[in-house]
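Chains B and C: place on chain A using the hints.
Chains as they are written, first to last, in numbering that gives the first Met the number 0: chain A, 0 to 379; chain B, 0 to 290; chain C, 0 to 321.
These are computed hints drawn from the structure, not numbers from a lab. No residue lacks a Cβ here, since even glycine has one placed at the ideal position from N, Cα and C. Hints may contain errors.
FRET-style restraints, in silico, Cβ to Cβ [claimed, not checked]:
(1) 155(C) - 284(A): 40 to 48 angstroms
(2) 133(A) - 77(C): 17 to 25 angstroms
(3) 116(A) - 238(C): 19 to 27 angstroms
(4) 155(B) - 133(A): 54 to 62 angstroms
(5) 79(B) - 192(C): 45 to 53 angstroms
(6) 78(C) - 368(A): 54 to 62 angstroms
(7) 330(A) - 25(C): 18 to 26 angstroms
(8) 330(A) - 14(C): 56 to 64 angstroms
Cut-off 20 angstroms, straight-line C-alpha distance, at most; resulting in silico cross-link-like pairs (EDC-like, lysine to aspartate or glutamate) [as the list claims (entries may be wrong)]:
(9) 120(B) - 56(B)
(10) 134(A) - 118(A)
(11) 94(A) - 77(C)
(12) 120(B) - 310(C)
(13) 93(A) - 27(C)
(14) 217(A) - 1(B)
(15) 141(A) - 162(A)
(16) 338(A) - 272(C)
(17) 84(A) - 158(C)
(18) 84(A) - 77(C)
(19) 84(A) - 305(C)
(20) 84(A) - 27(C)
(21) 134(A) - 77(C)
(22) 222(A) - 56(B)
(23) 262(A) - 56(B)
(24) 262(A) - 1(B)
Residues from chain B that keep clear of chain A, each with C-beta distances beyond 10 angstroms, as calculated [claimed, not checked]:
(25) 8
(26) 34
(27) 57
(28) 139
(29) 177
(30) 183
(31) 184
(32) 267
(33) 284
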Amino acid sequence: MKPLVRSVTGVLLTLAMLGAGAQTGAPIVIGASIPLTGGVSTFGQHSRWGSELAIAEANAAGGVLGRKLEIDYQDNRCNPAEAVKSVTQMIAEKKYVAIFDGLCSSAALAIMPLVERAEIPFVVANASATAIAEKSGVGGNKWTFKVNPTDASMLDALVAWLDKEGKAANIAFLGEDTDFGRAGVAGLEAALKKRNRALASVDFYQKGTADFTTVFAKIKAKKPGLLALYAIDADFQNAMRQWYAAGGGIPLTGRVLVDQVPKAIMASGFLDGTTSVQPYDPSIDTPGNKAFVEAFQKRFQTAPILVSFEAYETTRVLIDAIKRAGSTEPAAIRDALTKTKYPSLLGNTIDFDDHNLAHNNAVILGIRGGKVVVLGFSKT
Amino acid sequence: MDAAFFVQLLLNGLVLGVIYALIAMGLSLIFGVLEIINFAHGEFYMLGAMAAYFAVERVHLGYWATIVAVTIGALCVGWVLYEALLARLAGSGFERSILVTLGLSMVLQNGAVFLFTTTPKMLQTADTYSNVTIGGARIALLRVLALGIGVVAYAGLHLMLHRTQVGRAMRGVAQNRDAALMVGIDPRAVSRLAVVVGIGLSGLAGAALAPVYAVHPLMGFAFVFKAFAIIIIGGLGNVSGAAVAALALGVLESVMGGFLPQVVVDALSFGAMILVLLVRPQGLFGRGVRV
Amino acid sequence: MSRSTGLATASALLLVALFAVPLVTRNEYLLALGVSFATFAVLSSGLNLVYGYSGLLSFAQVGFFGLGAYTAALLMTELQWSALPAVVAGGALAAVAGLVIGYSSLRLSRHAFAIVTLSFALLCGIVARDWVSLTRGSMGIPGLPVPTVGAWRIARPADFYWLLLGYSVLANTIIYALVTSRIGRAMRAIKLNEALAQSQGLDPLAHRLLAVTLSASLTGMAGGWFVFYLTIVDPSVFDFYYTETMLIMVILGGPGHFWGVLVSCAVLTVVPDLLRFTTDLRMVLYGAVLIVAMLVLPGGIGGWLDRRRVERWRRIAYGSPR
Numbered sequence: 000m001k002p003l004v005r006s007v008t009g010v011l012l013t014l015a016m017l018g019a020g021a022q023t024g025a026p027i028v029i030g031a032s033i034p035l036t037g038g039v040s041t042f043g044q045h046s047r048w049g050s051e052l053a054i055a056e057a058n059a060a061g062g063v064l065g066r067k068l069e070i071d072y073q074d075n076r077c078n079p080a081e082a083v084k085s086v087t088q089m090i091a092e093k094k095y096v097a098i099f100d101g102l103c104s105s106a107a108l109a110i111m112p113l114v115e116r117a118e119i120p121f122v123v124a125n126a127s128a129t130a131i132a133e134k135s136g137v138g139g140n141k142w143t144f145k146v147n148p149t150d151a152s153m154l155d156a157l158v159a160w161l162d163k164e165g166k167a168a169n170i171a172f173l174g175e176d177t178d179f180g181r182a183g184v185a186g187l188e189a190a191l192k193k194r195n196r197a198l199a200s201v202d203f204y205q206k207g208t209a210d211f212t213t214v215f216a217k218i219k220a221k222k223p224g225l226l227a228l229y230a231i232d233a234d235f236q237n238a239m240r241q242w243y244a245a246g247g248g249i250p251l252t253g254r255v256l257v258d259q260v261p262k263a264i265m266a267s268g269f270l271d272g273t274t275s276v277q278p279y280d281p282s283i284d285t286p287g288n289k290a291f292v293e294a295f296q297k298r299f300q301t302a303p304i305l306v307s308f309e310a311y312e313t314t315r316v317l318i319d320a321i322k323r324a325g326s327t328e329p330a331a332i333r334d335a336l337t338k339t340k341y342p343s344l345l346g347n348t349i350d351f352d353d354h355n356l357a358h359n360n361a362v363i364l365g366i367r368g369g370k371v372v373v374l375g376f377s378k379t
Numbered sequence: 000m001d002a003a004f005f006v007q008l009l010l011n012g013l014v015l016g017v018i019y020a021l022i023a024m025g026l027s028l029i030f031g032v033l034e035i036i037n038f039a040h041g042e043f044y045m046l047g048a049m050a051a052y053f054a055v056e057r058v059h060l061g062y063w064a065t066i067v068a069v070t071i072g073a074l075c076v077g078w079v080l081y082e083a084l085l086a087r088l089a090g091s092g093f094e095r096s097i098l099v100t101l102g103l104s105m106v107l108q109n110g111a112v113f114l115f116t117t118t119p120k121m122l123q124t125a126d127t128y129s130n131v132t133i134g135g136a137r138i139a140l141l142r143v144l145a146l147g148i149g150v151v152a153y154a155g156l157h158l159m160l161h162r163t164q165v166g167r168a169m170r171g172v173a174q175n176r177d178a179a180l181m182v183g184i185d186p187r188a189v190s191r192l193a194v195v196v197g198i199g200l201s202g203l204a205g206a207a208l209a210p211v212y213a214v215h216p217l218m219g220f221a222f223v224f225k226a227f228a229i230i231i232i233g234g235l236g237n238v239s240g241a242a243v244a245a246l247a248l249g250v251l252e253s254v255m256g257g258f259l260p261q262v263v264v265d266a267l268s269f270g271a272m273i274l275v276l277l278v279r280p281q282g283l284f285g286r287g288v289r290v
Numbered sequence: 000m001s002r003s004t005g006l007a008t009a010s011a012l013l014l015v016a017l018f019a020v021p022l023v024t025r026n027e028y029l030l031a032l033g034v035s036f037a038t039f040a041v042l043s044s045g046l047n048l049v050y051g052y053s054g055l056l057s058f059a060q061v062g063f064f065g066l067g068a069y070t071a072a073l074l075m076t077e078l079q080w081s082a083l084p085a086v087v088a089g090g091a092l093a094a095v096a097g098l099v100i101g102y103s104s105l106r107l108s109r110h111a112f113a114i115v116t117l118s119f120a121l122l123c124g125i126v127a128r129d130w131v132s133l134t135r136g137s138m139g140i141p142g143l144p145v146p147t148v149g150a151w152r153i154a155r156p157a158d159f160y161w162l163l164l165g166y167s168v169l170a171n172t173i174i175y176a177l178v179t180s181r182i183g184r185a186m187r188a189i190k191l192n193e194a195l196a197q198s199q200g201l202d203p204l205a206h207r208l209l210a211v212t213l214s215a216s217l218t219g220m221a222g223g224w225f226v227f228y229l230t231i232v233d234p235s236v237f238d239f240y241y242t243e244t245m246l247i248m249v250i251l252g253g254p255g256h257f258w259g260v261l262v263s264c265a266v267l268t269v270v271p272d273l274l275r276f277t278t279d280l281r282m283v284l285y286g287a288v289l290i291v292a293m294l295v296l297p298g299g300i301g302g303w304l305d306r307r308r309v310e311r312w313r314r315i316a317y318g319s320p321r
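For reference, chain A alone in the conformation it holds in the complex (with noise of 0.2 angstroms):
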């Protein structure tokens, strides 16, 4: 019997261990739910490719708490019902330790409510609303954390910006109708209210237009001294054929996307005179940012834009505190991002205020003779 016995222990033990091996070997899973198709594609491949680089170079370093990473892409098309059915099948799956991004800023709302029924941590890179940040921390969701600024905080260092340069009269508005293009508006009218003024007009279209003509039109009837533009991914690519077959003339602003204006257009030096207000932009000379730009580069064989520095910071915060809870708990994860002080390779420190908002710098970039320059920094 003794010797039946010792083995059957020496087996069941073994188990144990590999059971126990396997449990400690097992991935830990972040759910992303990002727009992989439709009209804000490029943008959710530039996520994906951000934080699959900052996945990438964790799990060669070792990993997490001696586990590899892992994200999930789930599709949401820049739509806030696919996004609240996207996140809610990864919350039903249950092993998922963080919620990533949204991208969009209408989907990122929508998420919120979500992730605080399901008391998981979200993580917002590059939805900018400022909804976002008034409706987290103190007195909202403890559970949503936004690292990039809200345009409110960017909207107002550009209009300082333009006032130095005498130039924030006259303001027409254009952007998509969605809260991400209502935060712009909101934004722009609050910084310019600080200042006695109001926009000169305000229009909206719906995501996916296909003929801007007509709306351009009528803006330039009305002669504005700047257009402040609020257009991402393919609807930027389209305003921006048909702004130069309108003929221009009218200096943008705004977040205008300066690093996604066709070569053409950019060279003809047909946007000279823009100035735009952005997170980041892949110029910026800092060690850490040319050590990402690099390796960004080697990987995908393509420059990274502002969607991919954002999401590849992001993850490095998230990661950040995953090893600092020392748990995949996400209560205790979430405690964590509270307490974050992590080094942003543009040059200051992320830490979250009492919204779960991060202050990081801002950058007034501009198009002069036909190319981006970087015209100074913003605190936001």
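Just chains B and C, lined up with the frame of chain A:
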């Protein structure tokens, strides 16, 4: 009000109207001759645009070569569509034909989404950034070309319907099917030609517009419902009526868009259709009445 | 045991089994399928009532669905109504819309009726998207509050399963009672031969309006409950996808066959999911089925079963063909 502004709106509207007309005329022709509402009509516009995209980006065909190639392809597809599907629906209830073409639309549209995803594709040609100035208004060269193509296509269709024997036969069938049969018109041949021409027009519109708008699998969806409204406003089965209604709608949408909120523009076609149905159900130009 | 008693017992047993599902499993995927089935059961039975039993090819159903959804959501978020009154109000508004659409378009030709109902649904979507001050447009209204019916807080997936299933049973029972009653037989008579039915004293317009209005209100209420399950309402509730799906369910099951439509609804909800079809592939499949059904089996499976039954009777009555 700025004259240049108005001219700009007018020109934009004409281009839009011509595209509506190309799609609506084909739809009206098919309805007039076969009594079938082709739900899948917008999908052939989309397929034409997709084919143009691949012709330019993969095969590197020039602008005119693409237009010709895609149109010929669309004519062939129309032929296949009639022989394989629509011929079997001859004489069956209208519900059957609506549902069959709806099914076809589902297959084509979602098949395209499955194969190509909904990500919009922008065509890049040498002329993408060329502009033309007309009366103080700037307009992209490609739009002017699309407008020209549409006008030529309409002229061609008008000639065919009014000067050729087979065109007269088609108008006859559209006006009064039984009478046409009695005078010995072959319904099959006429129907086949109507479908070929109708689908050809859609494909042509797609190819002409592929360089102007972004190309994606859902682009036909938006146009086809407006096309339905247009053929009702013009008068079911009246091809010229559809063309006039289409042009008017395009111009109205563009001009109103310069002054009124977007919801008015989007709802205009359906609102006008409901008005016409309540006040003059046979359409503005009646059925098959010459304009 | 007679046939109808057997059928009743079988349905009762099936219902008990369906309601018991959340008690034996916590698999949220199954519960989600159940919610989807329950909702589409109401949508397709509603369409069956209008198309199958009354002969009206209407595309307006999804318009009523979304109208009920937005009404319920707005009443709860803006005016703080509780769930049940809000949903019922949504159904009432949908019924009024159905009455108006029905009355104004039933005297048009069949083609025009189809297109007008289609345009109504499209217009609803356009208004939902463009009237941003009311509906928040494409941004939608996220974070809908948890509905409470009496003391029951409907928050977990199991709760929504029971809610939608219970409502679906209620709605389908109402429809079943209507179509098996005298009024239902009158509707069928009007569909088969309007002139003859009229000569017998039946009023086609009144019967058709009843069908349209009833199905609109039931569909509208389904919309209200459904968006609380989604926790968000946005213009995608008017997507043509719903119209296409409920049409295929009715066509495959057989227009005018109550049970056939319910069975095909169940099959078409479960099978594509089992096959792990993405939405686009599922729609390609539906489209192909629609084409084949229209060319080969216009009466759907219900119609085919009917024909077989008639063949069997004929053989019994007249003997086999020689």
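For each hint, the structure was consulted:
1. The supplied range of 40 to 48 angstroms is broken by residue 155(C) and residue 284(A), whose beta-carbon atoms lie about 53 angstroms from each other.
2. Checked against the hint of 17 to 25 angstroms, the pair residue 133(A) and residue 77(C) passes, with Cβ atoms roughly 20 angstroms apart.
3. Between residue 116(A) and residue 238(C) the Cβ separation comes to about 26 angstroms, which falls inside the hinted range of 19 to 27 angstroms.
4. In this structure the supplied range 54 to 62 angstroms holds for residue 155(B) paired with residue 133(A), their Cβ-Cβ distance being about 60 angstroms.
5. Hint check: residue 79(B) to residue 192(C), Cβ distance near 38 angstroms, so the stated range 45 to 53 angstroms is violated.
6. A beta carbon spacing of about 57 angstroms between residue 78(C) and residue 368(A) agrees with the range 54 to 62 angstroms that was offered as a hint.
7. Distance hint check for residue 330(A) and residue 25(C): the Cβ-Cβ separation is about 22 angstroms, which falls inside the suggested range of 18 to 26 angstroms.
8. A beta carbon spacing of about 41 angstroms between residue 330(A) and residue 14(C) contradicts the range 56 to 64 angstroms that was offered as a hint.
9. For the hint linking residue 120(B) to residue 56(B), the alpha-carbon distance of about 10 angstroms falls within 20 angstroms, and the restraint holds.
10. Restraint check for residue 134(A) and residue 118(A): the C-alpha separation of about 16 angstroms stays at or below 20 angstroms, so the hint holds.
11. Simply put, residue 94(A) and residue 77(C) have alpha-carbon atoms about 36 angstroms apart, too far for the 20 angstroms limit, and the pair is violated.
12. For the given pair, residue 120(B) sits about 55 angstroms from residue 310(C) by alpha-carbon distance, which is inconsistent with the 20 angstroms threshold.
13. A threshold of 20 angstroms between alpha carbons decides the hint, and for residue 93(A) with residue 27(C) the separation of about 11 angstroms falls inside it, so the pair holds.
14. In summary, the hint linking residue 217(A) to residue 1(B) is supported, as the alpha carbons are separated by about 10 angstroms, within the 20 angstroms threshold.
15. Restraint check: the Cα-Cα separation between residue 141(A) and residue 162(A) comes to about 36 angstroms, which exceeds 20 angstroms; the hinted pair is violated.
16. About 43 angstroms separates the Cα atoms of residue 338(A) and residue 272(C), which puts this hinted pair outside 20 angstroms; it is violated.
17. For the given pair, residue 84(A) sits about 18 angstroms from residue 158(C) by alpha-carbon distance, which is consistent with the 20 angstroms threshold.
18. Our distance criterion of 20 angstroms between C-alpha atoms is broken by residue 84(A) and residue 77(C), whose separation comes to about 24 angstroms.
19. Annotation: proposed proximity of residue 84(A) to residue 305(C) is violated, straight-line Cα distance about 40 angstroms (limit 20 angstroms).
20. In summary, the hint linking residue 84(A) to residue 27(C) is supported, as the alpha carbons are separated by about 13 angstroms, within the 20 angstroms threshold.
21. For a cut-off of 20 angstroms, the pair hint linking residue 134(A) to residue 77(C) stands: about 18 angstroms separates their Cα positions.
22. Between the alpha carbons of residue 222(A) and residue 56(B) the distance comes to roughly 38 angstroms, so the proposed pair goes past 20 angstroms and is violated.
23. As the CA atoms of residue 262(A) and residue 56(B) are separated by approximately 18 angstroms, the hinted pair is consistent with the 20 angstroms bound.
24. Proposed proximity of residue 262(A) and residue 1(B) is contradicted: the alpha carbons are some 33 angstroms apart, above 20 angstroms.
25. Not every CB of chain A lies more than 10 angstroms from the CB of residue 8(B), the least distance being 6 angstroms, so the non-interface label is violated.
26. Against chain A, the non-interface label of residue 34(B) holds: every CB pair exceeds 10 angstroms, the least being about 32 angstroms.
27. At the 10 angstroms boundary, the C-beta of residue 57(B) stays outside the reach of chain A, the nearest C-beta of that chain being 20 angstroms off.
28. Look at residue 139(B): its CB is around 4 angstroms from the nearest CB on chain A, not clear of 10 angstroms, so calling it non-interface is violated.
29. Its beta-carbon lying about 43 angstroms from the closest one in chain A, residue 177(B) satisfies the requirement of being farther than 10 angstroms from that chain.
30. The Cβ of residue 183(B) sits about 46 angstroms from the closest Cβ of chain A, beyond the 10 angstroms cut-off, so the non-interface label holds.
31. Remark: the non-interface label on residue 184(B) is consistent with the geometry, its nearest Cβ contact in chain A lying 40 angstroms away (cut-off 10 angstroms).
32. Distance check for residue 267(B) against chain A: the nearest CB is about 13 angstroms away, which clears 10 angstroms, and the non-interface claim stands.
33. With a least beta-carbon separation of about 27 angstroms from chain A, residue 284(B) lies farther than 10 angstroms from that chain, consistent with its non-interface assignment.
Comparing the model with each numbered hint stated earlier shows that hints 1, 5, 8, 11, 12, 15, 16, 18, 19, 22, 24, 25, 28 do not hold.
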